[in-house]
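Respectively, the protein sequence lines represent chains U and P.
Going left to right, the first sequence walks through residues 1 to 719 as UniProt numbering numbers them.
Going left to right, the second sequence walks through residues 1 to 402 as UniProt numbering numbers them.
The hints are simulated quantities; they were obtained by calculation from the structure and are not laboratory data.
Fair warning: there could be bad hints in the mix.
Ranges of calculated distance between the beta carbons of each label pair, as one might list FRET restraints [stated by the list, open to error]:
no., chain 1, residue 1, chain 2, residue 2, range
1, P, S170, U, F27, 46 to 52 Å
2, U, S351, P, S265, 44 to 50 Å
3, U, M468, P, D110, 57 to 63 Å
4, U, R323, P, T305, 23 to 29 Å
Note that the coordinates shown come from a computational prediction; the quantities given were computed from them, not determined experimentally.
Note that CB positions come from ideal geometry on N, CA and C, so glycine has one too.
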Amino acid sequence: MAETKEKSLSDEKPKPRVRPIVRLGIFLISHSFLVSIVCCTAGVLALFLLPVLAKNTYISENALMPGSASPMLSNQHVSDGNRLVKDLTNPNSKSSETGIESHKIIAQYMLDLGAEVSFHKFHPQMNQFHPLHFFSSPVSGKIQENYSCSSYGINTVGIIRAPRGDGKEAIVLVTPYNALKSGFGEALSLGIAYSVFSLLTQVTWLAKDIIWLVADSQYGEYAAVAAWLREYQTPKFSSLSTPNAEMCPDVNNLFELKGHSISGSKFSNSFRRAGTMAAALVLKVRDQNEQFEDTISIYAEASNGQMPNLDLINVVNYLAVHRQGLRVNVEKLWPLLNSSWLKSLGEIFESLAKVAKSLYPKWKFGIPATEYVEGTATLASSLYYQALGVPTGPHGAFRDYQVDAITLEISPKFSLDKVWRNDILLRGGRLIEGVIRSVNNLLEKFHQSFFLYLLTSPSKFVSVGVYMIAFALLIAPLPMVAASLYVDANSSSNCSKGDSSTPSAITDTDEHGIAIRSWRWLNSAKLVFIVHLWGAIVSLLPYFISQIPDCSPTTSFMIWVLLSILSLLTLNSVLASPLACAKATQEKEWALVKSVTISSVFIGLGLMSVINFATAEIGALLMVPMCLLARPLKLDVRAGTLRSFCRLICNLVLGHIAFPPAAFFLLKGMLDGFGNANVGDFWMWVESLWAWNSATYLFIGMVQLPCWVLCVSILFHTC
Amino acid sequence: METFINPKSLFHLLLLPCLLLYSSIAYNSSPVEAAMHTNNWAVLVCTSRFWFNYRHMANTLSLYRTVKRLGIPDERIILMLADDMACNTRNKYPAQVFNNENHRLNLYGDNVEVDYRGYEVTVENFLRVLTGRHETAVPRSKRLLSDEGSHILLYMTGHGGDEFLKFQDSEELQSHDLADAVKQMKEKHRFKELLIMVDTCQAATLFNQLQSPGVLAIGSSMKGENSYSHHLDSDVGVSVVDRFTYYTLAFFERLNIYDNASLSSLFSSYNPSLLMSTAYYRKDLYKRRLEEVPVTNFFGSVMETIHTDAAYKALSRRNSGRFEDEMSLDQSVHHIKRRMLIKVNDGDEIHDINPEGEEGASKCPWSTFRNKFQKAENVDSLLNYGLVAMIPLLVISTWLVQ
Chain U
1 MAETKEKSLS DEKPKPRVRP IVRLGIFLIS HSFLVSIVCC TAGVLALFLL
51 PVLAKNTYIS ENALMPGSAS PMLSNQHVSD GNRLVKDLTN PNSKSSETGI
101 ESHKIIAQYM LDLGAEVSFH KFHPQMNQFH PLHFFSSPVS GKIQENYSCS
151 SYGINTVGII RAPRGDGKEA IVLVTPYNAL KSGFGEALSL GIAYSVFSLL
201 TQVTWLAKDI IWLVADSQYG EYAAVAAWLR EYQTPKFSSL STPNAEMCPD
251 VNNLFELKGH SISGSKFSNS FRRAGTMAAA LVLKVRDQNE QFEDTISIYA
301 EASNGQMPNL DLINVVNYLA VHRQGLRVNV EKLWPLLNSS WLKSLGEIFE
351 SLAKVAKSLY PKWKFGIPAT EYVEGTATLA SSLYYQALGV PTGPHGAFRD
401 YQVDAITLEI SPKFSLDKVW RNDILLRGGR LIEGVIRSVN NLLEKFHQSF
451 FLYLLTSPSK FVSVGVYMIA FALLIAPLPM VAASLYVDAN SSSNCSKGDS
501 STPSAITDTD EHGIAIRSWR WLNSAKLVFI VHLWGAIVSL LPYFISQIPD
551 CSPTTSFMIW VLLSILSLLT LNSVLASPLA CAKATQEKEW ALVKSVTISS
601 VFIGLGLMSV INFATAEIGA LLMVPMCLLA RPLKLDVRAG TLRSFCRLIC
651 NLVLGHIAFP PAAFFLLKGM LDGFGNANVG DFWMWVESLW AWNSATYLFI
701 GMVQLPCWVL CVSILFHTC
Chain P
1 METFINPKSL FHLLLLPCLL LYSSIAYNSS PVEAAMHTNN WAVLVCTSRF
51 WFNYRHMANT LSLYRTVKRL GIPDERIILM LADDMACNTR NKYPAQVFNN
101 ENHRLNLYGD NVEVDYRGYE VTVENFLRVL TGRHETAVPR SKRLLSDEGS
151 HILLYMTGHG GDEFLKFQDS EELQSHDLAD AVKQMKEKHR FKELLIMVDT
201 CQAATLFNQL QSPGVLAIGS SMKGENSYSH HLDSDVGVSV VDRFTYYTLA
251 FFERLNIYDN ASLSSLFSSY NPSLLMSTAY YRKDLYKRRL EEVPVTNFFG
301 SVMETIHTDA AYKALSRRNS GRFEDEMSLD QSVHHIKRRM LIKVNDGDEI
351 HDINPEGEEG ASKCPWSTFR NKFQKAENVD SLLNYGLVAM IPLLVISTWL
401 VQ
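Could you build the full structure based on these sequences and the hints that come with them?
The structure is reproduced here in structure tokens:
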């Protein structure tokens, strides 16, 4: 008895001590099923908890000091602004076909204030898909050759030099204006900007130059601002591009006219610049009236989910709410506001918080259910617009040059009588003045506050440190499940081999066999690689399809789908046989395929979370359950238990949802209703994605679609 | 005691006991402490730059104006301003600095001599100023040329924390550095008394390491407390003065150069509810009773007047230490006391003074003057006697001639 005990002890002794982290890893891998369930649930729960965890915003940069100076904008400036609005809305000014008259009026007004004025003529550049310029800067440096003199826009630019400043920095104020069909709102926004501008020509406290850009929005607001910015940031030293202006007599005419009519010397034909841009504000006034009170909407999302520094939003929010008494809005997903399940979820959280508070009075994390619903709707829209990667306004053009910019859209309350107009001019003007004065105090770039955040209300935010937890929890099970699948597949095949083969197998050949088997995953990796290659091809196809002239979105989409399937089949036949991979020799092949798929998805999601978190989060919500649950349908059908049946249903549902077009239509249907869904919509949506150089497009093409194809191939695996 | 060798007049004999008493005290205590308060210096430092720290510069300039008004001349004020708010482009009133929103007083008017400005205000330069270790090229106007008879006011304002004060947004002065500099000053006899006044967050922590005698320190807030700004000038768009400095200035605005408000009345004037912090003063290193020290000893340049007979004779430094104190004794006895001010060192002796003492030292110019004066009287009578003696001589001579 004692001997055996001793023997067993001596047997155990030679075992090398495993380090705790390795032991933990092995433990997690062996319990990967439980771990993945816990982590995924926690991840989704954490996502829904984000509105509760949101913190109040605060001005992080000391130098800003918003609202510390009393506004100087007086009724005199307002009446100046009013004068401009009247002149612009005067029908006489609209007589001209090209709207040059109104540009002249604006320029004249600017000159009267003593500002430097110049016109910037630009040709609208159509957004086109350049597969090789995907992440490159929008400055291509080359000008389109084939523009005609008839299609050009004119930006009017006024610059106030800071009287005692060093001229190294500037603040930009942008008012989009379409001279051809301007609504009253646009004229009013010009009026507000003008009243601020007229004040700023008089003040002594400017440290940064002020640029007022009246962007000609007849070819789109973004295009005009982007064209001006391109010109501003990349001075052309060659003389090749300048003759273009002279080639068009119309423009020359305009310049000459101005030169003659204006006595002041501050008008210049050349492009005028000021210093580096510290911040930019895009000001709009909406034509439709708001029902309840004067509201101001903030749009901040730029391309690829980039956000301006949170301080800029804070300053605007603080000044609008606490100084001018305006209500501040950020975008919400309206359908979510009425959803009852969200409301009940909010109530659950609220009651939980109450219980927690009764247990320990210092725990105060609960928010009222209605606030929770609103916060979730805002958060969802914040996620959605960031995930889309398409800028929500002309401010997006600034973000491409690392300039913090937001769009402010004022929605006035009342009808257009005189008193009200003065009021909105005064308050809007004072808000802009306050923001400019605050930014004027700035000594460095905006850098103190967050760049990575999600808003849950204008004054609440979730920072990167918090929202990353939800994402990390969601994708944490992926590597564990991949490892456990790999281990299972290897060990089970070993076992089956051991059973089938005779015990008299020679050891060295067995070792050889193990070596071969341990490299078997390369087979699956090849399959995964091929599918990803296919994904890349599919992402490139739209470039060629868009070259086909006169093609409706629906047909383009169809062509795309057909070509995709064709290319998949071709690749399949040429390089491998992905769908018929399961030969009788390898029963657990699907497990290895799944393992490699999961690994690749993990890598893809991890990379994407760095580029655009929101896309990665939404992608993870769709793909992680699908990847984790994927299992050949045949096995589930064969098993016939309730559990396998549930899994079967889940797999089928997820397999449908995770298909990118399906997900798109589902989302669109939820937001707009299913009535007007059209197959071509998806094409248009994709087109807009690539036109804006959204990384989401690449993600869908090269991560999500291959993953979906692989998962479907696993589902229909014949084993 | 060779000064006692040849007593010349009765008056000096009267002085002998008190002199004996005093000289024994003077020899027991260190010579530096025995030094008489002869001059006042002020080092005023604003350590923070950037427009939003406008108030720190306004604080310092306000103090500068106050100490100038109370009599410290410009050449004895070292003014260090880390930034130039007056010419900042964001300043709505170019070349003007205000410490109140009523804008009545422009602190940056004429006759503001800034000794260290902008990036010159560093921890290194600050410590150099205190310890006097300058490079040879540094002009005298930028040096703290104090001596063992100096009372120095060191005022600092800026952003601070637990045992440090931020300089220029890039470096910091730690309480150890300050204590070390003060110790060096003490060893080099660069001050007699030093008042450190600091207006910053957690100012009290800056004094933790001080250990040199003769140092009195007052800070705007205790550890863990913030010092707040007093009010915002919505016209300029910044806060213009800090609370602690504001109430300090309010105290001094009531005073003129002849007032004899004591330091304790200044220190007790700080109301924690108005300051929103607790003013803290450390006086364990300071010997004199605060009730008896007038604020003008530091914030002004008011010291006791020493009557000297000759302009230069008395001021050979080596032995003047004892000597001047004798003089102050004389004065306290013979002259009308203009202020209720009693030096601690002399406190006991004053009661022992016997004006009808024995003859004292002869080197005292005042007594030689007295001597001479007495001699002059003798000459007068001699002349009279001479004249009287001339009469018989005249009579005899005329008689002989006849």
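Hint check:
no.: 1; hint: P:S170 x U:F27: 46 to 52 Å; in the structure: holds (50 Å)
no.: 2; hint: U:S351 x P:S265: 44 to 50 Å; in the structure: violated (60 Å)
no.: 3; hint: U:M468 x P:D110: 57 to 63 Å; in the structure: holds (59 Å)
no.: 4; hint: U:R323 x P:T305: 23 to 29 Å; in the structure: violated (58 Å)
Of the numbered hints stated above, those contradicted by the structure are hints 2, 4, listed in ascending order.
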